[in-house]
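Participant: So you can see what is in the structure, the chains are spelled out below.
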Amino acid sequence: MRNALRVPLALAALAVAVLLPVAAGPFWTGLLTQMYVFGLLALSVDLLLGHAGLFSLCHASFFAVSAYTTAILQVRHAVPTALAAPAGLLAGTLLGLVFGFAVRTRGVYFILITIAFGYVVWGVAHRWSSFTGGDNGVTNVPFPDVGAVRVESHTEYYYLVLAVVLLCALGYRLLVASPFGLTLRGIRASETRMRSLGYHSGLHLYAAFVVSAALASLAGVLYVYYNRFVNPVAASFPISVEAALMAIIGGTGTIVGPFIGSMIILWLRNWVSSFFELYASVMGLVFIAAVLWAPQGVVGLVGRLRARLAGAGSG
Amino acid sequence: MTTPAAAIEVSGLTKEFGGLRAVDRVSLSVAPGERRVLIGPNGAGKTTLFHCITGTLRPSAGRVSLFGREVTRLPEHRRTALGMGRTFQISNVFADLSLFENLALAILGTDRRKWMMHRPVAAFDDVCRRAREGLELVGLAHRERTVVRLLSYGERRQLELALALSSGPRVLFLDEPCAGLSPSERQRISRMIGALPRAITVLMIEHDMDVALGLADRVTVLHRGRVILEGTPGEVQANPEVREVYFGHV
Ligand SMILES: Nc1ncnc2c1ncn2[C@@H]1O[C@H](COP(=O)(O)OP(=O)(O)OP(=O)(O)O)[C@@H](O)[C@H]1O
Ligand SMILES: [Mg+2]
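Quick note, the sequences are listed as chains U and E, same order. Under our numbering, the residues of the first sequence are numbered 1 to 315, in order. Under our numbering, the residues of the second sequence are numbered 1001 to 1250, in order.
With the rest of the complex left out, here is chain E (with noise of 0.2 Å):
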């Protein structure tokens, strides 16, 4: 009998950019349901391995598998077809679209119907439903017909998680979603993350090592494109190399 396989399996994945070793041969191994969070100073390569997980970046070496399918020549559209779903660090929306055709796009993006040339978006019941769902997910059902550019940045930080999450993702791939939140805002993001059903994978990059240890099943830390090490929260908060990495100088 075998293991069920792993949600995501990462063997020595290197990125390098030029000269530089973004990422470097770091492999990692999260299973279905988990909630593992990175956690690494500024610059240690945590975006690029998740660029290259999920096919925004081509890596230089290594492997990346889904559920025991390897992926790593998968473009990304593939990748997200078969149940990736991801996040930006720098909030990545459709600026001069509404939110509703936001959404719009994001649940019809691993659908077929997003080749219709014939029927106007607003015709699809189940569009517009899950459209609305989704934006009330995040709070901002009442602004379904605004332009996306006159929302606020904390705004936007949720329509980001909206997008994400309606394209149906089996594992969700989150780059720093609190990050120039308001504590309040913060704490309704992390609250809905906590939330989110065992059935979907989320690996979360994050800094505010109170959401990121209250979240994580485990942790995994990188320093200059390395793990360095893997654990329990417990276990990552009491390592003294982390802590010097991590917070500097303690």
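Okay, chain U solo, but in the shape it has when bound (with noise of 0.2 Å):
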């Protein structure tokens, strides 16, 4: 039963997801494009939390360097869009090849060595103004334009950010299920183990690093096109916490799970901060409440909720 829904809910899901902007409006098409990008940022950090164990607070810094990297080049330079965009993605996963030997550590060394590369971007972006405009940042980003392939309105971007989401999403689905995506668990379910195989367990986890930072990295050029300008935010440390946050609350170990926090915590962001100021607080009893009583995400949530209607059902 659970594979015979399977099909015919996604063609739903996708029939819904291409439908809405014709029935939503404007605000509605922007909120959903920034849903995507950050659920693609969320499934970036999730292939280290929900695979490989290892809990990263530094993925702002791929978003938001590859996001700087494309604004500078495109507005300052006025190089076009079909190079901008790859020497973002570029940028951003050669940042990650750096970052990544903190997978030397492992646990509490390896957050706290993420969350400390993490703040040297976000003090690059904040303090070298000549460079990256200080809290300015970086604006005026055009839509992008690649010939073939020309932007013009916020729903025609929607389209182009749900068809390079979509095609992700393919990826890693592919990614998690092949030999290497085995590994990643492996290693977080006994990396002693795993030596002992035969595996260099501190190379596989580099590697996965490097994708993943590569993966937020291109959630950062989309993030840059919709945003239409760049500042230290989206390097700061709220950024990657809130990416975590997403795919927790989501359900980690999944794909639609990070694109469910996504649209969860950018909906509640929305609907709170129009009548409450506190709402980083809210955020904050909403993960906790998440962790209480939801610890495997709204994945595990349906999943156990099913559990019980089908023991319901049979008993």
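Hints are computed from structural coordinates only; laboratory data are not their basis. Be aware that one or more of the hints could be misleading.
Derived CB-CB ranges, DEER-like [claimed, not checked]:
1) U:106 to E:1078: 42 to 48 Å
2) E:1129 to U:306: 55 to 61 Å
3) U:12 to E:1125: 33 to 39 Å
4) E:1115 to U:130: 39 to 45 Å
5) E:1078 to U:86: 33 to 39 Å
6) E:1125 to U:139: 51 to 57 Å
7) E:1115 to U:15: 36 to 42 Å
8) E:1139 to U:310: 26 to 32 Å
9) U:307 to E:1129: 29 to 35 Å
10) E:1217 to U:310: 54 to 60 Å
11) U:167 to E:1139: 40 to 46 Å
12) E:1115 to U:142: 36 to 42 Å
13) U:163 to E:1125: 29 to 35 Å
14) E:1139 to U:305: 33 to 39 Å
Glycine residues also receive a C-beta, built at the ideal position from the N, C-alpha and C atoms.
Two chains, two frames, some hints: make the complex.
Facilitator: Shown next as structure tokens:
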């Protein structure tokens, strides 16, 4: 029954996603675009968190470095999108190659070192104003224009992001089912056994870190063309934390989970901040509630409910 | 003409933990195809010696060679690639993965395809087949999709052995494979170890004297980190010092 429902559900979700901009208007189109972009960022965090068991708190760095790179090239140097976007992706990934050395540590040390990395990048964005534009950041980023694909409205951009995110989700699905993905779960379960089975566990974690950074960088590129500007907020610690929270609230180790988490958090933020200034405190409470009552996230909660319903049905 | 290299050659191996010498200048040589059993009282340093040979721990001094090739400085995963395989005294299996996934990891560990990122594990027919064979060997084939957490203690011990065998080792290190098993499970495991082809050299730590003496070609007795005797099962059994040390006051 589980598999029988899956395909129709996915098709229905796709149909809704495609039709929404028509039905919902520009506000929701924009918010949804943002939900996809941050869902992708959360998905990148979850490759480490939900599979390799590494809690990274520096993913805002890759996100921001790619966003800044793309923005600076496109705005200040009039580099076309066809080059500026890949350059952003590359810059974020290269940073991943450097920060990847964090995998020499484990547990709380890994968390601490990634926090420190994140602050370094935020500090540069914030203080090196001649290059990054300081607190104002880089503004007036145009819509992407790659010859064949020329985006001229938020609705069109919505469809571009939807397509890219869907492709990423499909690729991610292959990745986590592959020997490489299994290896990461093996390392999380028992690194000592993995070593004795012939795995250079550090190298696998490093590779996973770089892949994850590349995915976060892609989210950064998508973000800067949506947002039309980038400032140090993109590199800030709360972005890294929120990306992890999205994965946890939605359900780690899954693909829809990070996207569901992204939708919940961005929707809540939008709704709560319209009438309550202490929105950050509300998010904190939501997180505590999730950890206490739904540690497996929304996906886990749905699974439990279904198991209970199935039990009641047969019993 | 040189004599063929020993499968495992250990010389002057020492491991210190702080002030404690867990392994004290141990030397031993195991011929290809041999079944060598290590015995000794609790805390004698048997597991630590295994750890140092397989690369789990770095020895404080001494050398280890595998088929004539020095491996003392090689990391553990490289030694596995060269043909070492082991089980752990305390079951070390992947609790939140299925039995199939456990076996697949063991099979792929010494295979370049472990780096593949674009093809599901289930699409590798030979891996699936070998995983099933590995599970059949220990009688767990019917539970391929079960999560290991749901297995009994005895079943985990058997999975432990299946993992070590699936990486295709030339030299197998078994750390008390029968500890804590029921008599029937114990019998099954020792029969399985006895039936391993002679192409695999086996070193085994075992407390159960019946199992140990039934399988061993030669026995090494360890006490307080040192080798106090090496010989055939008959010699070891007859030795008064061993009876004193190993069986306490007889
Ligand atoms: N990681 C470690 N740190 C400090 N001391 C250790 C460590 N591992 C083992 N030891 C000590 O080294 C000695 C040898 O331990 P080891 O586990 O090798 O003995 P063993 O012969 O395998 O015993 P058993 O039959 O109980 O398994 C013991 O005194 C033990 O306390
Ligand atoms: Mg031991």
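Participant: Given the hint of 26 to 32 Å, is the C-beta distance from residue 1139 of chain E to residue 310 of chain U inside that range or not?
Facilitator: Once the Cβ atoms are compared, 31 Å apart, the range 26 to 32 Å for residue 310 of chain U and residue 1139 of chain E holds.
Participant: Do the beta carbons of residue 1115 of chain E and residue 15 of chain U sit within 36 to 42 Å of each other?
Facilitator: holds (38 Å)
Participant: Please check whether residue 1139 of chain E and residue 305 of chain U have a Cβ separation lying inside 33 to 39 Å.
Facilitator: holds (37 Å)
Participant: Does the hinted range 42 to 48 Å hold for residue 106 of chain U and residue 1078 of chain E at CB?
Facilitator: Given a distance of about 21 Å, which is not inside 42 to 48 Å, the answer is violated.
Participant: Using the Cβ atoms, figure out if residue 167 of chain U sits within 40 to 46 Å of residue 1139 of chain E.
Facilitator: holds (44 Å)
Participant: When you take the CB atoms of residue 1129 of chain E and residue 306 of chain U, is the distance between them in 55 to 61 Å?
Facilitator: violated (34 Å)
Participant: Does the hinted range 54 to 60 Å hold for residue 1217 of chain E and residue 310 of chain U at CB?
Facilitator: Taking Cβ atoms as reference, residue 1217 of chain E and residue 310 of chain U lie about 56 Å apart, which means the hint holds.
Participant: Range hint 36 to 42 Å: satisfied by the CB atoms of residue 1115 of chain E and residue 142 of chain U?
Facilitator: holds (40 Å)
Participant: Within 33 to 39 Å: is that where the Cβ-Cβ distance between residue 12 of chain U and residue 1125 of chain E falls?
Facilitator: Once the Cβ atoms are compared, 34 Å apart, the range 33 to 39 Å for residue 1125 of chain E and residue 12 of chain U holds.
Participant: Given the hint of 33 to 39 Å, check if residue 1078 of chain E and residue 86 of chain U actually sit that far apart at their C-beta atoms.
Facilitator: holds (37 Å)
Participant: Looking only at beta-carbon atoms, does the pair residue 163 of chain U, residue 1125 of chain E fall within the given range of 29 to 35 Å?
Facilitator: holds (34 Å)
Participant: The hint says 51 to 57 Å between residue 1125 of chain E and residue 139 of chain U; measuring C-beta to C-beta, is that right?
Facilitator: The hint (51 to 57 Å, Cβ to Cβ) holds, given that residue 1125 of chain E and residue 139 of chain U are roughly 55 Å apart.
Violation of the numbered hints given earlier is confined to hints 1 and 2; the remaining hints are satisfied by the structure.
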